[in-house]
Structures are given as structure tokens and as C-alpha cells.
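Starting from the structure of chain A, add chain B where the hints point.
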Amino acid sequence: MTALLKVELTRLLWRRAVLVLLVLAVVLPLAVFVLRVFDTRTSSFDEVVADNGSYVLDEVEQCVTHPGQYQVAGADDVTLACQQVVAGWYGNSPLDLVDERETGGALAAILLVTMVLLLAGITFAGHDWNTGSMSNQLLFEPRRERVWLAKALAVGLLTAALAMAVLAAFWTGLWATASIRDLTIPEHAVSAGYKQAVLGAGIASGAAVFGYALTMLLRSTVGTLGLLFAVGFFCVVIVAGVLGLGGELERVMPWGNFYAYAVGTYEYYDYDSCGFGADGSCGSETIKRGASIIYFTVIWVAVAVPSLLSFRARDVA
Amino acid sequence: MSEAVIETHGLRKEFSSRGGTHVAVADLDLTVRAGDVHGFLGPNGSGKTTTIRMLLGLASATRGEMALFGRPVPQALPEVMGRVGAVVESPKFSPNFSGRQNLQLLARSVGVDDARVDRAVETVGLTGRDRGRYKTYSLGMKQRLAIAATLLKDPALLILDEPTNGLDPAGIREVREVIRGLGAAGVTVLLSSHILAEVQQVCTAATIIGNGRMLASGSVAELLGSSTAQRVVAPDVGAARSALEAAGLRVTGEDGTALLVETDRPGEVTRVLGEAGVWLTELTPVRADLESIFLEVTEGEQLGGSIAWPTDGAQS
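Those sequence lines, one after another, are chains A and B. Oh and the first sequence: position 309 is 976 in our numbering, straight run, nothing missing. Oh and the second sequence: position 166 is 403 in our numbering, straight run, nothing missing.
Bound conformation, chain A alone:
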């Protein structure tokens, strides 16, 4: 099995399309990181004026005239205080590690890495079927379950290592940026970030193996991509129609579960209950990380098990 695993890792790394996707899994989060660093840089007042026009100066003039309204009355240098306040409104928000983890760049990085590695898993398996080389491989190793598992393991291990390295580097970069800028770093923000990187690597690797398994089941790259697009477009209709879910729809949607998995909880409104509360508001529901793990595991197993069984039983062209 070790020899087979090494062969599959080699096959994976020799495949150019897969390599391009692995490079993308590094480049895209890097681009997000650069954007976040750029967007959260400290701007001088002159930069804010240059970016936003003369009404910034008008606002400062108003502030100097009515410092009480801008809560700068009593400042040693009212003009400077007003410039800082107005620059804070119009300029960049400083880097906030908690925001980055819950709604910002770190979340985007996980999502991008997950999507790209899903495609890598699909491409890897699809190539074997498209070229017909699967039958050749089975002439050397007829134990099909071992072949399936070795390929899955190769995809899982490689993508997990890559995703872990990329997401940990992303978070280290954010932490270093905040430190260099002398920003206040909330307690546990860094450890929470690294925990999220580990979770992100888990879901990215799981998605890659999911893509591999689905392609092994359908035996076609195009078929797999078509199915995923169709589910992406029509899943709301399918879930609402088939399962008869209304306000609870979001409970079974991928996005909310992805957010709950990466951040810890996801809160959504159950629109069916709108207007029935004491204050007429909509009742809110929460998806917790544990529930989202069950959600993704069920989907993963529902594809991986038939994929393995089908590969064992069906004729190979």
C-alpha cells in the first residue's frame, strides 16, 4: 500500500493541470492577504483627502466649528483631532484579527483553497478516466479497493498538507502585520486563528477527496463539474421542493454550514416565524460547528461509499 501511495502521489504531482490548481491554491490566498494588508493600512489625512475629495475638508471644517458634535471638544489641537476623526470615517479600518477570522480575509482564504482543491481532486481522477489509463493501472494492481484508497489518500494527504501550510502562513502573515503595526491583538485571537487554519485544512482536504470520489463515481470530469454546477444552481429549489423546507431551508444549505464550521456558529432567521413573536420579529436559529461537521460528513460519506463500491464492482473500459 505504501508503494501504491507513493506512486499516486507522484502521479498527482506529475499532472500539470493538478499542479496549476495547487499553485492557484497558494496564489489566490496570497492575493487575498495582500489585498487585506493593503486595505487595512493606516492612511494619512492627506491620502484620505486625495481619495475622497474636498467634502472631507468640509467635514473637518464643520468639526472645528462644532467640536462638541464630533466629541473632540477640549482637545489640545482641535483641528488635528478633527482630522483624525474624519480620517477614521473615510479612511481604512485597521486590521482586526477577530474580524478577519469571522468575516474577513481568513474566511475568504479558506473558501478559495477549498474550491480550488475540490477542482484538483476532480481533475486528478478525471484524467485517469479520460485517458483510459485506469485499466492499465488495474493490470498492475487488480485489488481495486486498494487503488481507490491509495488515490484518495494521496489526494487527501497532499491537499491537507498544502492547505495547512497556506492557511497557517496566511494567519501568520496577518498576525505579523498586526504586530508590526502595533495594533492591539485580542486575547486568544491568534490561537483561534490557527485553530481555524487547521479546520480550514480539514475541509479543503475533505473537499478534494470528495471531488475525487464523485469523479470516480461518475467517471467523467465534465459530468462531475456539471453535476456540481447543477446542484449549486438548483439546490435551493431541490431542497425546498423535495424536502419541503421553508424557513429551515438555510439549515441544509452549504454556505451556512461552511460558516458554522469555520467560525463556530452561524445564525440565521427563520422567515416562517416572522411576525409571530411577541415583538413581530423573526425568530433566529443557530447552526453550531458540531452540526456542520455532521452535515458535511453525511454528504462526504454519501458520495465516497458508493464511489468505492461502484469502482469495485463496475466494468472498467
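Misleading hints may appear alongside valid ones.
The calculated lysine to any residue pairs, modelled on SDA-like cross-linking and capped at a C-alpha distance of 20 Å, are [claimed, not checked]:
(1) LYS372/B to LEU680/A
(2) LYS673/A to ASP350/B
(3) LYS372/B to GLY799/A
For the record, the hints were derived by calculation from the structure and aren't laboratory data.
Using the frame of chain A, we list chain B on its own:
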């Protein structure tokens, strides 16, 4: 008699479709003995490839039994596959990898080192071209790479499915020489082909199938049989005919200068004609070839596909 390397009993494969059930292989009994270069003959669509795919575990049998080296397959495939090299239909490798990379991946999956890859590449004459991308190979080079892949395992049994398909005459000759060489080295070969001349030239035994059923099987010599007719050329064909028929010999053809006499005893012909005072100018035994054998055994069969008769360009 040597041991059977390949055996099938009542092997059957059915494909279900909307149009009904198609029987690709119908209760086939096949035996290939150790040391044979065994031709597996039949028109396209006769079930040759399906049979091979079932033997190699790529397709499941609807029913029947199969064995390789006396071990039941597909159950025992993991233990016997190390002694089996196979090319099924057209070669299938990763197009963007070099020939060498393709071989290395296969070799490493069974724990074979790169030295064996070098030897296999050399055996099939791909040295120097093995580092080029597979997609840039000619069809002949692809076939040779596929044969090289079969040699990685140092096989005792080679199963080759139409290995000369699409090759030019020089390529066909090269592949045949490789097969002959392997057969001479004691490797048992099952050579699936629809080219009768190929089988007749290379094989020691043959099985003919049509519509998934076995029509004839045996050594090539047995299938061809001994000479059963003699071509007689004499100055006076009419006198010769009269003398032969008077002696009870059956004359089955006459073209004005020659007679076709149905007998496997040429001495009897010379004796009869000599006693009648008719002097021969030529006596030639007429041997059957696989073409006629094939036509004979498939007479009455509704065979689909086509069979390739010997042509000058295809012979070596």
C-alpha cells in the same frame, strides 16, 4: 500435455441495454497451454476483447469459470497478476507524461526498479525516445510502449489484444518478432487477432470464435490438417483424369492444364498415372490455410464484423 495456463468453462458475458440483452460471450470453453503462442481468432465484435477483459478482471463474467495458472479468477488475480502481462485494445497511457514516466509509475506500483524499465524500453526498441511525451508518439511507438509495459513484470503469460492494429508493415514485422522471441523464450502468449495471416505465422495453437462461441480450437497444425488435395499437371489432362477416376480417386477440379485430386497420398497419384502411361510434369500438395479453415468453421454462422485476409503488405 503441458499444464493449462488459461482455462475458461462456460464463460458468459451479457450486456443489458434498452434494446434488450446482448450476449458478447456465450458459454466459452478456452484452454491455452503453457509454452503455446495461442492465436485467438475471430471477427471484430466476436467477443475476443470481452473474454480477455474478463480474464484480467476488467469486466465481470455473467457466469462461468475462469482460471489463470490453475487459480480461479478474478478471486486469485492479486496472486497471479504479477506473472501476467497484457495489452488490451489500444494502448492507454497518460498523454502528457513521457513514455518512461508512464512505465515508471506502473513499475513502481509493483515494486519494480528503474533498471527493469530500461530493459523493457530497450527490448521494444524505444531507447532514446522514451523521454518524449506519449502524445507525440506514433501508433507504432505507442504499441511498443504497451508491450514494454507488459515486460515490466517479467511475465510467464502475455495477453496481447490486437497488438498490430494500425501498424505499418515494418511495425507489424517488429511486433511479430517480439512475440516470436517471447514465445521462443518460453513465455505463453495469447494473441488476439482478426488477421489470419498473423496467427498462422506466429502461433502454435489457435482458437476461433464467432458470436462469442468457440468454433474450433487446437494446434495450428491440427487446424490446418495434413494436405488433403494434390494439384496434378500433365500434358494430357483428360487421360490423367480418366486414369485417376478409374483408380477410384476423386477429381474435384480441372482448369485445362491441371487437375485437383482429393487425396492425402501423392504416391498413389504417381503410381496410377505411371501405370496408365501418363507422365506428370508437376505434383503439388495443396494445403489448407487458416482462411479456408475459418470459412469452413464459420459456415452458416451469422458473423458480424470483418476478418482480414492475408495481404502482401501485412505478411512478414
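Handout entry: Hints violated by the structure (listed by number, smallest first)
Key = none
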